[in-house]
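**Q** Residue strings, one per chain:
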Amino acid sequence: MEKKENNMYVSTLGEGISFRSIRETRFKNACIAVHFLYPIERADVTPNALLVALLNRSCAKYPQYIELTRALCMLYGASVHTSINNLGSCQMMTVEISFMDDRFLPGEECVSGECADLLSEFIFRPKVGEDGFLFDEDDLAYALKNAEERIRSRINDKEEYASCRCVDIMCEGEPMTIEPGGYLEDLPNVTREELTRVWKKVLSTAQVEIITVGGADYEPVKEIFAREFNAIDRHCVELTPLPPYKEPKEIKDVTERMDVQQSRMVMGFRLPVQEPDDMTVVCRLMSSLFGGGPTSLLFKNVREKLSLCYYCSSSYSRLCGTMYVYSGMDESNKEKAVEEIKRQLAVIARNEFTDDEFEAIKLFAICSLDNTKDSVGSIESWYAFQIFDGCIRTPEQEAERIKAVTRSQVAACASLVRLDTIYLLAPEEPVETNEPEGGKDDESCQ
Amino acid sequence: MSHVSDRFDVRENTLIGETFYYTTHPTGVRIVVCPKPEIKTYYATFATKYGSIDNEFRVNGGEFTRVPDGIAHYLEHKLFESEDGDTFQRFEKTGACANAFTSREKTGYYFSCTRYFDQAFEILLDFVQKPYFTPENVQKEQGIIAQEIKMSQDSPGRKVSTNLMKAMYRDHPIRDDVAGTVESIAQITPELLYKCYNTFYNPNNMVLAVSGNVDPQQVLAMCDKLLLPRERLEIERRIPEDDGKIVQPFIEEECDVPFPIFQLGFKERWREMSAREGILSGLIRKSVFGSISDFYDRMIRKKLINPGFGYSSVDVRGALASVFKGVSRSPESLRDEIFEEIERVKRDGIPPRIFECARRSCFGAIISCFNYTEDIADNLQDDIMFDVDTFAAIKAATDVTVEEANELFRRQYDISNSSLSVVRRSKEA
Numbered sequence: 008m009e010k011k012e013n014n015m016y017v018s019t020l021g022e023g024i025s026f027r028s029i030r031e032t033r034f035k036n037a038c039i040a041v042h043f044l045y046p047i048e049r050a051d052v053t054p055n056a057l058l059v060a061l062l063n064r065s066c067a068k069y070p071q072y073i074e075l076t077r078a079l080c081m082l083y084g085a086s087v088h089t090s091i092n093n094l095g096s097c098q099m100m101t102v103e104i105s106f107m108d109d110r111f112l113p114g115e116e117c118v119s120g121e122c123a124d125l126l127s128e129f130i131f132r133p134k135v136g137e138d139g140f141l142f143d144e145d146d147l148a149y150a151l152k153n154a155e156e157r158i159r160s161r162i163n164d165k166e167e168y169a170s171c172r173c174v175d176i177m178c179e180g181e182p183m184t185i186e187p188g189g190y191l192e193d194l195p196n197v198t199r200e201e202l203t204r205v206w207k208k209v210l211s212t213a214q215v216e217i218i219t220v221g222g223a224d225y226e227p228v229k230e231i232f233a234r235e236f237n238a239i240d241r242h243c244v245e246l247t248p249l250p251p252y253k254e255p256k257e258i259k260d261v262t263e264r265m266d267v268q269q270s271r272m273v274m275g276f277r278l279p280v281q282e283p284d285d286m287t288v289v290c291r292l293m294s295s296l297f298g299g300g301p302t303s304l305l306f307k308n309v310r311e312k313l314s315l316c317y318y319c320s321s322s323y324s325r326l327c328g329t330m331y332v333y334s335g336m337d338e339s340n341k342e343k344a345v346e347e348i349k350r351q352l353a354v355i356a357r358n359e360f361t362d363d364e365f366e367a368i369k370l371f372a373i374c375s376l377d378n379t380k381d382s383v384g385s386i387e388s389w390y391a392f393q394i395f396d397g398c399i400r401t402p403e404q405e406a407e408r409i410k411a412v413t414r415s416q417v418a419a420c421a422s423l424v425r426l427d428t429i430y431l432l433a434p435e436e437p438v439e440t441n442e443p444e445g446g447k448d449d450e451s452c453q
Numbered sequence: 560m561s562h563v564s565d566r567f568d569v570r571e572n573t574l575i576g577e578t579f580y581y582t583t584h585p586t587g588v589r590i591v592v593c594p595k596p597e598i599k600t601y602y603a604t605f606a607t608k609y610g611s612i613d614n615e616f617r618v619n620g621g622e623f624t625r626v627p628d629g630i631a632h633y634l635e636h637k638l639f640e641s642e643d644g645d646t647f648q649r650f651e652k653t654g655a656c657a658n659a660f661t662s663r664e665k666t667g668y669y670f671s672c673t674r675y676f677d678q679a680f681e682i683l684l685d686f687v688q689k690p691y692f693t694p695e696n697v698q699k700e701q702g703i704i705a706q707e708i709k710m711s712q713d714s715p716g717r718k719v720s721t722n723l724m725k726a727m728y729r730d731h732p733i734r735d736d737v738a739g740t741v742e743s744i745a746q747i748t749p750e751l752l753y754k755c756y757n758t759f760y761n762p763n764n765m766v767l768a769v770s771g772n773v774d775p776q777q778v779l780a781m782c783d784k785l786l787l788p789r790e791r792l793e794i795e796r797r798i799p800e801d802d803g804k805i806v807q808p809f810i811e812e813e814c815d816v817p818f819p820i821f822q823l824g825f826k827e828r829w830r831e832m833s834a835r836e837g838i839l840s841g842l843i844r845k846s847v848f849g850s851i852s853d854f855y856d857r858m859i860r861k862k863l864i865n866p867g868f869g870y871s872s873v874d875v876r877g878a879l880a881s882v883f884k885g886v887s888r889s890p891e892s893l894r895d896e897i898f899e900e901i902e903r904v905k906r907d908g909i910p911p912r913i914f915e916c917a918r919r920s921c922f923g924a925i926i927s928c929f930n931y932t933e934d935i936a937d938n939l940q941d942d943i944m945f946d947v948d949t950f951a952a953i954k955a956a957t958d959v960t961v962e963e964a965n966e967l968f969r970r971q972y973d974i975s976n977s978s979l980s981v982v983r984r985s986k987e988a
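In the order they appear, the protein sequences are chains A and B.
For reference, each letter of the first sequence is one residue, going 8 to 453 in the numbering used here.
For reference, each letter of the second sequence is one residue, going 560 to 988 in the numbering used here.
Since the hints were derived computationally from the structure, they do not count as laboratory data.
Mixed in with the good hints, there may be bad ones.
To be verified - Think about it this way: if two alpha-carbon atoms lie no more than 27 Å apart in a straight line, the pair counts; the simulated BS3-like pairs of lysine-lysine are: (1) B:861 x A:152; (2) A:68 x B:699; (3) A:68 x A:152; (4) B:884 x A:152; (5) A:165 x B:986; (6) B:725 x A:165; (7) A:165 x A:312; (8) A:152 x B:986; (9) A:341 x A:259; (10) B:725 x A:68; (11) B:599 x A:11; (12) A:256 x A:343; (13) B:652 x B:689; (14) B:699 x A:307; (15) A:380 x B:652; (16) B:652 x B:784.
Fair warning: this is a prediction, and the values are worked out from it, not measured in the lab.
Please build the complete structure, drawing on both the sequences and the hints.
**A** Shown next, in the form of structure tokens:
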């Protein structure tokens, strides 16, 4: 049964499986994405991470990676991506293929049909060894080695590292601390049998969202996935509710030292507004006004006016009801920066921002929504990330919600924000004024 | 297909289904417009051919001037201030997202927006043409830029690439950070900033590119109103002579990284690369060392590389090289394997089937670039600024041959002229 919602054709292919097709002829490329959504389980996190790292490297038709990459190149650079994201108390595992729109290929060539088939090969006919388990021992060794390198190398990106440390400290025992990329200590226990178990579990229990964006006729794609999923015995799981709001009791203030030149500070806040609360749209605007780019209060005051930080920005998670402020600074400025960041939040809570600032933030949010419609990838992820929201909105509908937000609603949201954790990653020794030579090569500076 | 419509040279490319409008404005600014009526995002970029390597120059045959490292980047930051306040605040009212960047050879100012294009365009052209440097506002920026420099020093990836440049180039300014050093930026004064501004922000050194739901004639009408005439200048840039040889074959630095990080560079004597050579160089790297190559497959099996293995080119005036980068448990063994592969490919050539894989994938990537107004305008602007024939590049992706690739490969990869840069944890640790 197919129905048309806005510019989208929606159908249900089975229990917990929906298929959405968005017809777009404005682009030179197209994509098909299959998203699997299921509750996070700590025991499955590491095998799931290894699974996604291997799923797009082979299938029964192309058992060796090199054969597969060559085949994809011959399809004019089609690419298969897999990813895994945490969404509140759930995870979303994605397998997607992007490819050129047939209209732009030389002569009578056509790749869309082959790409749809190939995507289904990855999902339904992965490479299986003689023992019946997924992949082979070389594949597993490869994935284990890369996972170890990737996990150990997290420390190289100091901003990301500081941000993860702040989440760990603030949300101890909550699903937000679960690392979708997996854990070092789990690696010795990951076997091909284990990978086979988690993949079967995902295929048979996850909620499935299939989304296509492009100019081609996607009826054949729908048929492929309807047929393939029908052959699987499925018992779809209920998604776990979002982590509940926790009022911070006392502010955790943690400093850790490392061989760095510059200190990174992350401040973690909580607020009792999460999906599907209608006020999440207000909180997003509040966070943008606070620290969302060069028009925000943090950028204008903490960075530009007081020169306390090189960067200072905020982000709000509508699923977790958390907000983080990220900054880079000299350690000696920490106290001043903390005070100024708190002061800017209080300015919003007291409704003392200017009308110009408020209107600019709204316009900015509306323009970002306009922008969502300008690429295949952003259209696809716009719909994918709304699965939790209870109802699917178009960017235009979301823009109407933003237009309706008032100043006093934004102030009220800011007054609900509570500081939970201040995390500082600082140099081992007091910072000296003479700097050694160093820097970047081919990258430019913003 | 090409024809002249009013003041534009109109060139249509049927392969990608786009039309470009080129003109040189009476002020000297070169302009290109690519209308994309079906896309909501407008993008405009106004840039000068001026970057971190342009530290020594003269105007109209006068005396050469040497300015502090990092001044182009500093100037970029300061141009956002004007007598009547901060430029970001002016953009706020249009909903545009504005920013700027400085690279080795280019400083670009740009915005994207989905509404109020005319207003945002006016602000862009206005602020880039109106410098406002005072001792106070110049002084204030030092703290912010010093923090930016420090932040980049915490990145092991930056260390490994800076060291590679030092191992390959004795005097070329590519050795230095785009942002300069804390010491060099301390020497920057309003007078020096004005000197650089008045030299390099001369209209005939600048290129303006626009893409989106625009009418080229209207863009030009706005330019007529907003672009300020200035006396044309002849700029002569000087960079130290380079003999084309590397300084040292190996450079190493200790740093607390879990696994060694490396970059391996093959230096070439500098020359202006044609659009076709640019495409061929990329195809060579992909077919000989990329994930479609037998070499890549072998190195993964030998556990000498991981999926982060990659490559790029250095193509800056006076500096030309191919660079391989990644994480490896033994960068030295990997280098030896790369050397062996180079000798083998020089002898046996690139397999034609693999080259065709690379070519098709490159064709797809080029076509896909023309989805996005940002990519279109940025690429067209670069092509004009650095004399690259856009149409020749697109055509090359359809008809380059493996014979051309083999011929270029033999010239490009000289094992005796390569440097390996490694950042690894100290052996005692």
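**Q** All hints, please: hold or fail.
**A** Each hint, compared with the structure:
Straight-line distance between C-alpha atoms of residue 861 of chain B and residue 152 of chain A comes to about 12 Å, which keeps the hinted pair within the 27 Å bound. Taking the CA atoms of residue 68 of chain A and residue 699 of chain B, the gap is about 62 Å. The hint is violated against a cut of 27 Å. At most 27 Å may separate the alpha-carbon atoms for a hinted pair to count; residue 68 of chain A and residue 152 of chain A meet this at roughly 25 Å. In summary, the hint linking residue 884 of chain B to residue 152 of chain A is supported, as the alpha carbons are separated by about 18 Å, within the 27 Å threshold.
Restraint check: the Cα-Cα separation between residue 165 of chain A and residue 986 of chain B comes to about 23 Å, which is no more than 27 Å; the hinted pair holds. About 25 Å separates the Cα atoms of residue 725 of chain B and residue 165 of chain A, which keeps this hinted pair within 27 Å; it holds. About 25 Å separates the Cα atoms of residue 165 of chain A and residue 312 of chain A, which keeps this hinted pair within 27 Å; it holds. Restraint check for residue 152 of chain A and residue 986 of chain B: satisfied, since their Cα atoms lie roughly 21 Å apart, inside the 27 Å limit.
Annotation: proposed proximity of residue 341 of chain A to residue 259 of chain A holds, straight-line Cα distance about 15 Å (limit 27 Å). For the hint pairing residue 725 of chain B with residue 68 of chain A, the CA-to-CA distance comes to about 47 Å; that exceeds 27 Å, so the pair is violated. For the hint linking residue 599 of chain B to residue 11 of chain A, the alpha-carbon distance of about 24 Å falls within 27 Å, and the restraint holds. Of the pairs offered as hints, the one joining residue 256 of chain A and residue 343 of chain A holds, with about 23 Å between alpha carbons and a cut-off of 27 Å not exceeded.
Between residue 652 of chain B and residue 689 of chain B the CA atoms are separated by roughly 20 Å; this keeps the pair inside 27 Å, and the hint holds. With a C-alpha separation of about 14 Å, the suggested pairing of residue 699 of chain B with residue 307 of chain A holds against the 27 Å cut-off. For a cut-off of 27 Å, the pair hint linking residue 380 of chain A to residue 652 of chain B stands: about 22 Å separates their Cα positions. The hinted pair formed by residue 652 of chain B and residue 784 of chain B meets the criterion: a straight-line CA distance of about 21 Å does not exceed 27 Å.
Hint compliance for this structure: hints 2 and 10 are broken, all remaining hints hold.
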